[in-house]
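**Student:** Listed below are the residues making up each chain.
2 protein chains.
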Amino acid sequence: MAKSKGPKRPRAATPKGFRDYFGAEVTARNAMLARIAEVYQRYGFDPLETSAVETVEALGKFLPDVDRPNEGVFAWEEDSDWLALRYDLTAPLARVAAQYRSDLPSPYRRYAMGPVWRNEKPGPGRFRQFYQCDADTVGAASVAADAEICAMLADALEAVGIERGDYVIRVNNRKVLNGVMEVAGIAQDDLRTRGIVLRAIDKIDRLGPEGVRALLGKGRKDESGDFTEGADLDHGAIAMIIAFALPNASQSGFVMENESGEALELSLREILEHSLEGKHGLAETDEIISLVRAQGYGEDRIRMDTSVVRGLGYYTGPVYEAELTFEITDEKGRPRQFGSVAGGGRYDDLVKRFTGQSVPATGVSIGVDRLLAALAAKGRGETDASGPVVVTVMDRDRMADYFALVNTLRKAGIRAEPYLGNPKNFGNQLKYADKRGAPVAIIQGEDERKRKAVQVKDLILGAKIAQEATVEEWKSQPAQFEVPVAEMVAAVRRILDRG
Amino acid sequence: MAKSKGPKRPRAATPKGFRDYFGAEVTARNAMLARIAEVYQRYGFDPLETSAVETVEALGKFLPDVDRPNEGVFAWEEDSDWLALRYDLTAPLARVAAQYRSDLPSPYRRYAMGPVWRNEKPGPGRFRQFYQCDADTVGAASVAADAEICAMLADALEAVGIERGDYVIRVNNRKVLNGVMEVAGIAQDDLRTRGIVLRAIDKIDRLGPEGVRALLGKGRKDESGDFTEGADLDHGAIAMIIAFALPNASQSGFVMENESGEALELSLREILEHSLEGKHGLAETDEIISLVRAQGYGEDRIRMDTSVVRGLGYYTGPVYEAELTFEITDEKGRPRQFGSVAGGGRYDDLVKRFTGQSVPATGVSIGVDRLLAALAAKGRGETDASGPVVVTVMDRDRMADYFALVNTLRKAGIRAEPYLGNPKNFGNQLKYADKRGAPVAIIQGEDERKRKAVQVKDLILGAKIAQEATVEEWKSQPAQFEVPVAEMVAAVRRILDRG
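Top line first, the protein sequences correspond to chains A and B.
Under UniProt numbering, residues 1 to 499 are what the first sequence spells out, in order.
Under UniProt numbering, residues 1 to 499 are what the second sequence spells out, in order.
Isolated chain A, as found in the complex (with noise of 0.2 Å):
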């Protein structure tokens, strides 16, 4: 065929990296959400809704991926301002405490759900545009706030379907790495290192101890060729690095070893005995934990591991993170473990970014979409997307009644519809009805108006015999009958409630 010359068309797409959310997407993940925050409300958090522009002044740059030219934001010039999309809920919040920090009530506990924007490269399953669900406290130095919120994840994550056994909310403290990379001989200021080690043990799930390793030492070189330097730290701060960095670590000890190359075992507390700021962050880990379990959280849903780290910049105490231990299968048919979908932390300098006074704080983050594939592959989405009663047009000089039999039916709290396109093909119409789930399809035609009837098909037991029944029942149409007009709420309502 020849092709068209007419003017250029656009392209129907979305841009790379972000997509569309139909019917059921959307009513699960606003059911899901909708149980978050009763649980946040529960607990004594206000809903707080930022725009979804900031200036990038006010954001501040404090994504993991700062290497990146265009920093990870979606970014734009008005007159002399930078303005950008949230890349998370945190900022924002900090923004909101400083810019109303004489009206609000303090400490302020704020919950905040609502989609976050990241300039990152596109990949499967990787969006650009993907939900948060956040709860944060405002002005608590006390990490009874930090155990607060990690008992509230808990309860959060068993009210939307998550079973007890299916999930760990597993608790460091930034202070505890700090203390690690002390003795590891890492100074204080050389914050360029200590980012690398940061990101490093990040992304161990991803890259394994060896990759780990790599970044800890001269870099690493990744599938596609290219090359992240490393941090060049020598072999017994790589190895006490990564010991702590392994899952679990904290649980079992580990071994080291000693500048002559033998085997040494230490525990971890052994190790920071050698820090103060290391031993502070455990004991305020010891704390939270001794907390949470007075109230009944017990080693099955929230306990210490070392090697949580997040790698957003801005933690300084205790960090959390909300792990699914059950296995899914994924794309290549291997099993693996769901993993994170929540994470968070306490950041007591990002309020003073712009107020210059510290104003400690602390919060979680809950991935929605991710948590959203676990009730899925769980089983356990809401999934109430029945579709509406199709009430089909015989004669479309006839449509004020069709549409009197739709308000009938809406009336009775029923979900209906006429049908509105070209009624021409009867076909169609039911094959539309087929097509939206309909449960009933209604039929009037000039013998039912007359008789002041209907015909109530039953879809769903019409697809059942079609499937099961042999020519002569399917002839016998069970599935379909007439009803006078007064009784057809009735008679929808019991193929309703059937189904």
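Source of the hints: derived by calculation from the structure; they are not laboratory data.
Treat the hints loosely; a few may be bogus.
Because identical chains cannot be distinguished in the list, a pair is counted as satisfied if it fits within a single copy or across any two copies.
Subject to a maximum C-alpha distance of 30 Å in a straight line, what follows is the list of computed DSS-like cross-link-like pairs (lysine-lysine) [as the list claims (entries may be wrong)]: (1) Lys352 - Lys431; (2) Lys121 - Lys61; (3) Lys411 - Lys378; (4) Lys435 - Lys411.
Just so it is clear, the structure is predicted and the values come from calculations on it, not from any experiment.
Chain A is fixed; fit chain B onto it per the hints.
**Tutor:** Same frame as chain A, now just chain B:
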């Protein structure tokens, strides 16, 4: 005081024209949207959530103020593409309808709720991010689809609390306007003039007939001195269009001058006898009105009004607008009608932009923030913003005990929290409870702990006594009493139920 010489701090402020929503503002909007969604859902519409970011190419240029340099959108360049924030929910729907045309049912009925962004000059009460709540039917050529949406809009307004009599949905048709322009001698392909006429009429509420008359003639200078070029029509054409554009013109017929200056009384229908397109538009309006009348929507709720044109360029047939008719007091203390809260119409060519094939479509958009403001003005917003029970902290080493009290309340479904600020100053804890709107504070000192009891402080009653009571009554403190811990929930519930 000398200024600090520290590094420059970021400004804690939203960009101009953006705002934050706190607490009850968020819950009131969510409650309103949930009620509207329920109506949309019952009418057989399915939710759709498109990405906030689109290609500029896909969005197209349909904003009323195309004259502005940045064309009204927030846009930025990425590689060779321009991306932008959506400025409404209709353009993304057209993109979706084209992109998924082989998968979606036809007609496709969808609703959408979410923020949209306009790069306009911010002003008082005029924001650059605001919520819309749309419902559209794509693929239905019949104006029965328009009639259904007008009826649904009336139902949605009543569902959120706008009483019958407080709103009216006015229906017109672009073909009627085109007919008037045809009779007035403006060529069909003179898109520039037709665009000026359209936008001028759309502003009649704001500019008055004189302002519109200026825009139809040589042009108009606004208060700031800016000059907008006019359509340069002759006297007769201007008179005809103004008559058409006056609210309720269709009800009354209107007076024109003929060429020799004599008054000539003509009805809209008489004028449109001279335009096939105009007659067709009138017939469509008649059909819509007749269909809604048959469903019991009277003149008080839905009626024809030729002054409704809608500013957006893409409408091709019926247009409709919901106006709230009750009076509010404006910033200057003058009474005025609340005005428009929703509008929409038929846009048969939006999907065609992508596919080359005409796809009929029609839909409505509710201005969520304006509707919320209207409900607030009527005192009908949902304001369930009850604060949490605050468990105060007398001894910071006993946090686990206070958490236990909080958990007892939460498990009983009562919103509760421990005080997580610095507990040293007990007065601050009560001030906090007050600021949170807490109905009750729980107090447990060492004595109460030994007795396994708590003090229950009724803050609602306490505030009342503080205002009304004598010093003697105040001293007897009837608003605070001690109960055993086992009876705390019951005692708190009695206070909440009374409140």
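**Student:** I want to check one pair: Lys121 and Lys61. Are their C-alpha atoms no more than 30 Å apart within a copy, between two copies, both, or neither?
**Tutor:** The answer is both: 18 Å in one copy and 28 Å across copies each meet 30 Å.
**Student:** With 30 Å as the alpha-carbon cut-off, assign the pair Lys435 and Lys411 to within, between, both or neither.
**Tutor:** Within one copy, since 24 Å is at most 30 Å while 43 Å is not.
**Student:** 30 Å Cα cut-off: does Lys352 pair with Lys431 within a copy, between copies, both or neither?
**Tutor:** The answer is between: 24 Å across copies meets 30 Å, while 61 Å in one copy does not.
**Student:** 30 Å Cα cut-off: does Lys411 pair with Lys378 within a copy, between copies, both or neither?
**Tutor:** So Lys411 and Lys378 pass the 30 Å test across copies only (26 Å; inside, 36 Å).
This entry satisfies every hint, going by the numbered hints stated previously.
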